[in-house]
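Line by line, the protein sequences give chains A and B.
Quick note on this note's numbering: the first sequence kicks off at 1 and runs consecutively.
Quick note on this note's numbering: the second sequence kicks off at 1 and runs consecutively.
Source of the hints: derived by calculation from the structure; they are not laboratory data.
Here the structure is a predicted model, which means the values were calculated and not measured.
Incorrect hints may appear among the rest.
Identical chains blur together in the list; that is why a pair holds if it fits in one copy or across any two.
As the list claims (entries may be wrong) - Cut-off 30 Å, straight-line C-alpha distance, at most; resulting in silico cross-link-like pairs (DSBU-like, lysine-lysine):
1. Lys2 x Lys202
2. Lys230 x Lys2
3. Lys180 x Lys287
4. Lys287 x Lys311
5. Lys180 x Lys92
6. Lys44 x Lys172
There are 2 protein chains.
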Amino acid sequence: MKKLINEPEHVVYEELHGIAAAHHDLVEVCFDPNYIVRRDVPLKGKVGIVSGGGSGHEPMHGGFVGYGMLDAACPGAVFTSPTPDQMLEATKRVNAGAGVLHIVKNYTGDIMNFEMAADLARDQGIEVESVVINDDVAVEDSLYTAGRRGVGATVLAEKICGAAAEARRSLKDVADICRKVNDRSRSMGMALTSCIVPHAGKPTFSLAEDEMEIGIGIHGEPGRTRMKLKPADEIGVLLMTPIISDLPYKNGDEVLLFVNGMGGTPLMELYVIYNRAYEIATRNELKVSRNLIGSYITSLEMAGCSITLLKLDDELTRFWDAPVRTAALRWGM
Amino acid sequence: MKKLINEPEHVVYEELHGIAAAHHDLVEVCFDPNYIVRRDVPLKGKVGIVSGGGSGHEPMHGGFVGYGMLDAACPGAVFTSPTPDQMLEATKRVNAGAGVLHIVKNYTGDIMNFEMAADLARDQGIEVESVVINDDVAVEDSLYTAGRRGVGATVLAEKICGAAAEARRSLKDVADICRKVNDRSRSMGMALTSCIVPHAGKPTFSLAEDEMEIGIGIHGEPGRTRMKLKPADEIGVLLMTPIISDLPYKNGDEVLLFVNGMGGTPLMELYVIYNRAYEIATRNELKVSRNLIGSYITSLEMAGCSITLLKLDDELTRFWDAPVRTAALRWGM
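Excised from the complex, chain A in its bound form (with noise of 0.2 Å):
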């Protein structure tokens, strides 16, 4: 195992002292229980939104933690849901009077720990509201989740909903446009190569030299079939085929349209699957208005990708323009 870390069980440990040490500016990283939280909260008047899941998808969730994104974020162990007192302190921390909101993806741990933080929250008087993000439209049920897991859509979630409550929008609202972003999104991901979890130390699966998985998992849970690699011509047309005929997006629709790096993919290889998945939207007379280009939901060191699409309307493309300032997005500020 060939790692830039010290001892496994120390990971998310140093890299939350690295993060803390980086972005004092933007962020306070709290230790037991562990999150990660905007300076400047809670903040009058404005939805406080959190979410969480296993480390090993950097940036994602601690990277958007800033104005117009996230206001904290949970980090488990590696690939290990967090627990509901990390939930609950943060969701404690960022209330503000207007209520917090869960940006939760749909894996089993983290739906019943967020759903128990939430209950304890509502216990003390934070009004709460939960949104599941599944938008893989790889496999029906999965290794960690029954229906659909929750992937890209969740970046784009965070980013929309957070310009959302930065304008005030009530709690009600927020969470419909949270919704509004997982019904309209779809994704769909492969890998190249199996990561490693630190304390496993070895590959999660293996994949033969001339070998590729197509509708893999940000875990490295099984996707739809695993097949002899092929150019990225036609990777493009197997992950945008069944992306845009699930929606289905329509001929005129304005979709932004997201290549996400899996942690080992270099910028390079991207920007060639960009090139085709632009021209397959194009092909198929979506208007491919908005984009998203680099890795920030990630599975560690897998070599691999994902691509998301998201329909756009006037209100999501205005959040998603909207300024942002976190440690992986910022623009605008």
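Assemble chain B onto chain A, guided by the hints.
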């Protein structure tokens, strides 16, 4: 060879088409000869800044074209210097009468071709200054270099000089600031794995499962030493010690600490390294007042990292903080 590409010989061409499709609001991509240029050049009274080098180091340099950074970037084939005609066309295109600065990494081919392009541009009446970046303390001479290699300081010089040019500083001033950034920067890198050049199809070098290479170059050029894999804390010492002792930095100096991923290393590990590098800097009584963490000057999918330290002063800090809007670095706008 597992990559998200089509034919190896078309990688750069398809990547450039992907960049054109993704970032047409910021840049125009020109072909034959290839260069990426700001949409709004030439800009009256502004020094033009052109850089370039082999592809495979993305987002450098093409991802740095835009307001407050580069006016144009010339991408060569993978790990191959761009040609003088690319540099000449880019130079002519961005020239607005205030002269053009070439920022050149110290590799023999880049130096030779940028010199030729500068001579040709001068023949056409364009004032050109060239600054060579050579911040890598690892080795004195190297596979493609006489003297020290140019690495991480290039990213910092492009940002800082871009801000100076945006502030309408003269060509002489912008070139002097570039030399100052180079003089006050030191870098060192390491690799856990080799990269694979697409048209070669096999690893550039081989490292055993328990080995790492300290002092590696961004094309996989040999470093100082190959040794057994060490924990991140020891890697931090192996990189920071030669950097700090080389300048030398003095107690109380303000520095920018740049932890860079080589392409295949996830952000989680970069924060573990940042945590250690920050601690070493602080223990040496350096004040880390700015930072950059991410994969900005890469070596395809190589796993590893580099550290760059820049001794700041008020002028450099002000230009670092100035607004920038490019595909890869964006803040303040």
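Here is how each hint holds up against the structure:
no. : hint            : verdict
1   : Lys2 x Lys202   : both (10 Å within a copy, 19 Å between copies)
2   : Lys230 x Lys2   : both (27 Å within a copy, 10 Å between copies)
3   : Lys180 x Lys287 : within (19 Å within a copy, 46 Å between copies)
4   : Lys287 x Lys311 : within (10 Å within a copy, 46 Å between copies)
5   : Lys180 x Lys92  : within (26 Å within a copy, 48 Å between copies)
6   : Lys44 x Lys172  : within (17 Å within a copy, 50 Å between copies)
Hint check: no violations occur; every hint is consistent with the structure.
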